[in-house]
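Residue numbers (this note's numbering), protein chains in the order written: chain A, 1 to 325; chain B, 1 to 325; chain C, 1 to 289; chain D, 1 to 289.
Derived by calculation from the structure, the hints in this document are not laboratory data.
A virtual CB, placed ideally from N, CA and C, is assigned to each residue, including glycine.
Any given hint might turn out to be false.
To be verified - 27 Å max Cα-Cα, derived DSSO-like pairs, lysine-lysine:
| id | chain 1 | residue 1 | chain 2 | residue 2 |
| --- | --- | --- | --- | --- |
| 1 | A | Lys238 | D | Lys87 |
| 2 | D | Lys99 | D | Lys86 |
| 3 | C | Lys283 | A | Lys187 |
| 4 | D | Lys283 | B | Lys187 |
| 5 | C | Lys186 | B | Lys187 |
What the hints assert, rightly or not - Examples of chain A residues lying across from chain B (beta carbon under 10 Å, computed):
| id | residue |
| --- | --- |
| 6 | Gly77 |
| 7 | Arg88 |
| 8 | Met89 |
| 9 | Pro132 |
| 10 | Arg136 |
| 11 | Glu169 |
| 12 | His170 |
| 13 | Ala171 |
| 14 | Ser178 |
| 15 | Tyr295 |
| 16 | Glu299 |
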Amino acid sequence: MNPLLEREKGLLELERRIEDLRSASEGKRIDMSAEIASLESKYRQLLAELFGSLTPWEKVHMARHPRRPTALDYIAGFDAFDELHGDRMFRDDPAIVGGFARLGGHSIVAIGQQRGRDMKENLARNFGMSTPEGYRKGERLAQLAERFNLPLVTFVDTKGADPGILSEEHAQSEAIASSLEVFAGLKVPTLCVVIGEGGSGGALALAIADRVIMLEHSVYSVASPEGCAAILWGDASKADEAAAHLKLTAADLRGFGIADEVIPEPLGGAHRDPEGTVTRVLDRVGALLDILETYSLRELLDARYEKYRHLGSWRDAVAGSDGAT
Amino acid sequence: MNPLLEREKGLLELERRIEDLRSASEGKRIDMSAEIASLESKYRQLLAELFGSLTPWEKVHMARHPRRPTALDYIAGFDAFDELHGDRMFRDDPAIVGGFARLGGHSIVAIGQQRGRDMKENLARNFGMSTPEGYRKGERLAQLAERFNLPLVTFVDTKGADPGILSEEHAQSEAIASSLEVFAGLKVPTLCVVIGEGGSGGALALAIADRVIMLEHSVYSVASPEGCAAILWGDASKADEAAAHLKLTAADLRGFGIADEVIPEPLGGAHRDPEGTVTRVLDRVGALLDILETYSLRELLDARYEKYRHLGSWRDAVAGSDGAT
Amino acid sequence: MPMADWLRGGRNRDKVRDDAAQWVKCPSCGEVLYRPDLSANLDVCARCSHHFRMRAHDRILSLVDGDFEEIARDILPADPLAWTDKKSYPQKLADDAEKSGMDEAVLCGFGSIGGYDVALGVMDFHFRGGTMGSVVGERLTRLIEAATLRRLPCTIFTASGGARMEEGMLALMQMAKTTAAVLRLKASGEPFITVLTDPTTGGVSASFAFQADVILAERNAMIGFAGRRVIEQTIRQRLPDRFQTAEFLLERGHIDGVVERANLKPTLERILGYARAGRERRKRAELSA
Amino acid sequence: MPMADWLRGGRNRDKVRDDAAQWVKCPSCGEVLYRPDLSANLDVCARCSHHFRMRAHDRILSLVDGDFEEIARDILPADPLAWTDKKSYPQKLADDAEKSGMDEAVLCGFGSIGGYDVALGVMDFHFRGGTMGSVVGERLTRLIEAATLRRLPCTIFTASGGARMEEGMLALMQMAKTTAAVLRLKASGEPFITVLTDPTTGGVSASFAFQADVILAERNAMIGFAGRRVIEQTIRQRLPDRFQTAEFLLERGHIDGVVERANLKPTLERILGYARAGRERRKRAELSA
Ligand SMILES: [Zn+2]
Ligand SMILES: [Zn+2]
């Protein structure tokens with residue numbers, strides 16, 4: 001279970017008491033405003049204590065919080081959405097959703113990695129872990145954006161690509177590799193929002209974009225902390241340590257130049273104000289689309305190339321200088 | 001069983017007797033040349049009687065003859081062949097073979113529909129009936145020809161696309177439709193040889209080409225005669241009648257402008273002289289590649305479009321004239 | 001062509017139908033339906049939502065805003081193979097024309113849907129089972145070429161038993177011909193949308209039906225390459241009822257969506273809206289270049 | 001760089017190996033092999049044909065005709081995350097350099113194979129398990145870009161445990177960087193060929209390894225996205241031995257062919273020959289246009 005749920009119990013208890021007092025004072029016309037104010041102040045204090053500064057590992061849990069808004073929650077915030085399905089060959093992977101959408105004056109194609117909002121949906125959507133069919137569906141929808149000449153917006157939220165037997169048999173490597181190619185060369189503006197967990201190549205498959213934005217408590221990592229700990233130290237329980245090493249927070253990613261900007265979340269996380277978070281994200285998406293539309297396609301493609309071209313860090317033994325980033 | 005095999009029994013018997021006489025006369029130095037000549041004359045006479053004029057239904061059997069040269073027999077005649085495999089996703093369909101090849105001065109990509117040369121191979125190759133994975137493999141190899149900027153040569157020999165449950169589940173329609181698109185637009189010279197049976201959309205998937213040549217006794221049909229009889233008359237046993245109706249012989253196809261030329265076969269069919277037939281076909285393929293190489297890509301693509309654009313037959317009620325072909 | 005004149009073509013056909021019973025039994029739920037009510041409900045059973053096969057004229061009337069500019073209507077079938085079995089091919093054509101009020105298995109033209117100009121082709125299963133011969137191929141090719149020229153999106157409603165046997169290989173070649181035209185449409189940047197209706201099989205499903213950018217299907221439509229009977233004969237067992245239905249294909253990822261007939265027009269309008277937005281982006285880019 | 005100088009780099013590395021035992025046991029058949037014999041046989045067991053993991057220098061020497069013009073050799077690893085666990089990342093790098101004679105997990109440069117000029121990148125599992133960090137990504141990107149500029153086909157031998165943890169997201173981004181470069185190579189019309197050697201997984205298999213026009217694999221190489229152990233933990237059962245082998249992938253249609261190491265050079269030469277033929281066709285077309 002997500003450890004943040006335990007930590008939130010005190011908050012929920014306070015919320016309930018405030019709510020009780022409110023309804024009591026309303027119904028009986030007794031003035032309880034002082035008591036309410038006091039509890040509210042306590043609540044804010046507790047919130048700040050609990051969530052004022054999160055460790056990287058706590059951020060991972062925040063990114064995985066079961067009540068955190070998912071791709072479909074953001075998609076529901078669009079002015080219109082017409083879902084499209086399938087890879088045209090084998091399956092309609094429910095871990096990837098997508099379709100045409102409208103956001104203010106922009107008609108776009110949207111693609112999201114969709115985990116479940118409860119256990120049943122998690123099972124149906126394979127916890128947001130795509131099979132090759134899912135990546136091929138995403139690739140097809142990205143190409144559809146190009147065919148319709150519409151910008152592409154993706155929402156990234158996955159622990160990683162599905163590590164099952166069937167996925168290997170259906171060429172998971174090829175599916176991701178091919179998706180990277182399509183996204184790197186797509187002849188329309190592209191924008192990626194990391195809304196939860198950006199897990200490794202399975203996230204990157206939908207995340208090469210002209211602009212990458214991250215929610216404050218989302219994470220984006222070369223491997224899951226558990227996976228990294230298992231690989232390096234043969235001990236997945238050292239995930240907290242790995243999380244600290246991996247530099248996977250939105251602030252880290254902004255520092256590397258991988259994320260172009262970070263969107264703040266309410267204290268305690270996006271799920272404390274889902275509607276507000278969705279609105280804030282979509283407003284920013286709209287504004288960034290406005291900006292991207294001022295560039296020519298040539299400018300976009302050149303800038304996209306240059307952006308990824310310079311990511312990395314190395315020493316140049318001859319020049320004696322350090323490499324990019 | 002193929003009824004031609006029955007008919008060939010008398011021929012085989014004569015062949016054996018001629019061979020016996022030959023070895024007898026060689027070994028014992030007795031002159032049997034008169035007897036041999038007489039038998040040979042009888043043989044030629046019988047051959048002409050049996051195969052001098054074939055009905056369309058007999059041609060279908062000739063096209064399906066178990067000893068008729070298959071795609072791999074032609075491919076073996078190339079100066080080099082480097083086989084490539086797979087659709088990059090699911091399977092390496094053995095009903096489609098292909099790879100790089102050299103033929104004289106030409107480096108090419110070759111793709112063939114491969115049925116079995118015996119029951120075991122027939123089972124392994126699904127009697128030459130491709131699954132969607134096979135068409136996707138063919139499509140990939142065609143695109144590889146474009147990537148390497150090499151002409152493409154295909155050998156068509158299939159009863160039709162595989163009609164199984166899995167093929168439907170894996171989107172047989174989409175696989176063929178997509179293959180047609182790729183072949184219609186391929187930016188290299190393309191050449192198709194119908195070497196046996198060209199069955200319906202399953203054949204067409206590899207048969208859109210700048211030049212289509214047919215072996216004299218190959219057939220190419222909108223549906224198998226059995227299928228046509230079943231569809232129209234609910235009785236597959238009337239296949240002979242359907243074959244006569246369908247206009248499926250090489251000569252018919254030449255008449256329609258669908259086949260550009262017809263390569264003669266030895267009396268009695270290609271399998272009476274497989275090496276000679278392969279040589280004749282490949283010589284012609286080489287010569288046609290020489291010709292295709294004199295055109296610019298623009299000319300090729302325009303001509304390819306025009307060729308298929310004008311296939312069909314209709315009345316124009318206003319113009320009062322008949323349509324093309 | 002003004003819609004009024006064009007409708008008259010429809011009315012002639014209706015007269016043919018007037019002689020038939022005004023009541024029709026739903027093959028799905030058994031409800032007996034009054035034909036005018038059924039027509040008013042887009043040929044959908046009011047009780048169980050069974051989608052009857054729709055006639056091309058009715059389909060077009062249900063979709064386009066005003067006039068429909070029919071093209072290629074003078075392209076009529078010939079008899080290239082001089083085909084005769086129980087009947088001659090020309091006789092089969094004449095009989096179907098009489099029964100269906102169609103002169104071939106497709107109607108093609110230009111109209112607007114919810115204000116969006118579009119090239120529209122509609123196949124009709126009532127004429128020769130919607131089979132594709134030279135006329136279907138030629139009319140659709142002219143439609144697709146005209147869409148390319150006029151820079152309009154193209155939408156085709158499919159309904160087909162496959163290639164038309166009586167035109168032999170010339171029928172098969174219509175797959176190649178339409179494919180070549182689709183390729184040029186796509187190269188021009190115009191979207192291509194198909195709506196697969198019951199049934200869509202064989203040479204039509206294996207060519208333009210599955211070459212579209214967006215592929216929708218009507219609920220419960222039977223869609224596949226090989227016919228159900230062919231497969232059953234091959235595997236010697238009965239297939240499940242859902243096999244090859246639109247819903248089955250959706251799960252398998254073959255199509256973008258399954259749509260109730262009542263939602264088809266608004267769905268198409270929204271997709272054409274996205275297409276127009278994309279075109280406007282292109283125009284802006286061309287202007288600023 | 002002249003081959004003689006370059007070999008000296010190799011010899012230094014050999015000295016490191018001199019200290020080790022001159023005998024090595026085949027992990028497949030148990031045969032004890034004399035190292036110089038094993039090297040002469042391209043690191044293939046003479047008894048059972050087991051393919052030992054080959055060092056990048058040896059691979060290049062086994063392929064190129066004469067000189068090898070190494071590029072990007074001055075690009076060396078940094079420590080962007082200031083990573084330390086049991087050891088610091090710089091210490092891990094130094095230790096691996098000492099053991100392997102490599103300064104990073106890939107060698108890149110230009111040479112000719114059977115007379116065909118080619119851009120050649122060779123990964124080496126002996127340095128950090130062939131993991132891809134910034135240097136692997138940067139060197140390969142420079143190679144691919146240079147191939148595009150010089151209009152040469154590009155061949156990459158992969159051997160990788162995936163992305164390098166100690167460089168975090170900067171390592172993951174090398175997948176995007178190399179992809180972008182591959183895309184430009186392809187747009188220029190130059191062929192891209194990969195040879196997957198044991199093992200090829202994770203971020204390397206899911207990027208350039210599977211983006212090639214022609215993908216070959218060495219016999220019995222382990223190739224996959226997820227590691228075998230990860231999958232076994234997920235499904236809680238042992239996988240069959242053949243799972244994720246080159247032969248398994250061939251059956252599944254993922255790769256073009258499986259090649260014995262002894263046949264690799266002639267196979268590559270033939271493919272480069274086809275590439276040259278295609279290039280000559282292009283030149284002729286450009287001349288006559
Ligand atoms: Zn009903
Ligand atoms: Zn051994």
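Hints and how they fare:
1. Lys238/A - Lys87/D: Holds, because 16 Å separates the two Cα atoms, which is no more than 27 Å.
2. Lys99/D - Lys86/D: 18 Å, holds
3. Lys283/C - Lys187/A: This hinted pair holds, its Cα atoms lying about 15 Å apart.
4. Lys283/D - Lys187/B: With a Cα-Cα distance of about 15 Å, the restraint between lysine 283/D and lysine 187/B holds, given a limit of 27 Å.
5. Lys186/C - Lys187/B: 16 Å, holds
6. Gly77: Interface hint status for glycine 77/A: violated (33 Å vs cutoff 10 Å).
7. Arg88: 5 Å, holds
8. Met89: With Cβ-Cβ at 5 Å, under 10 Å, it holds.
9. Pro132: Where the cut-off is 10 Å and the nearest Cβ of chain B is about 7 Å from proline 132/A, the hint holds.
10. Arg136: 8 Å, holds
11. Glu169: 8 Å, holds
12. His170: 6 Å, holds
13. Ala171: 5 Å, holds
14. Ser178: 8 Å, holds
15. Tyr295: 30 Å, violated
16. Glu299: 28 Å, violated
Consistency with the previously given hints fails for numbers 6, 15, 16, ordered from lowest to highest.
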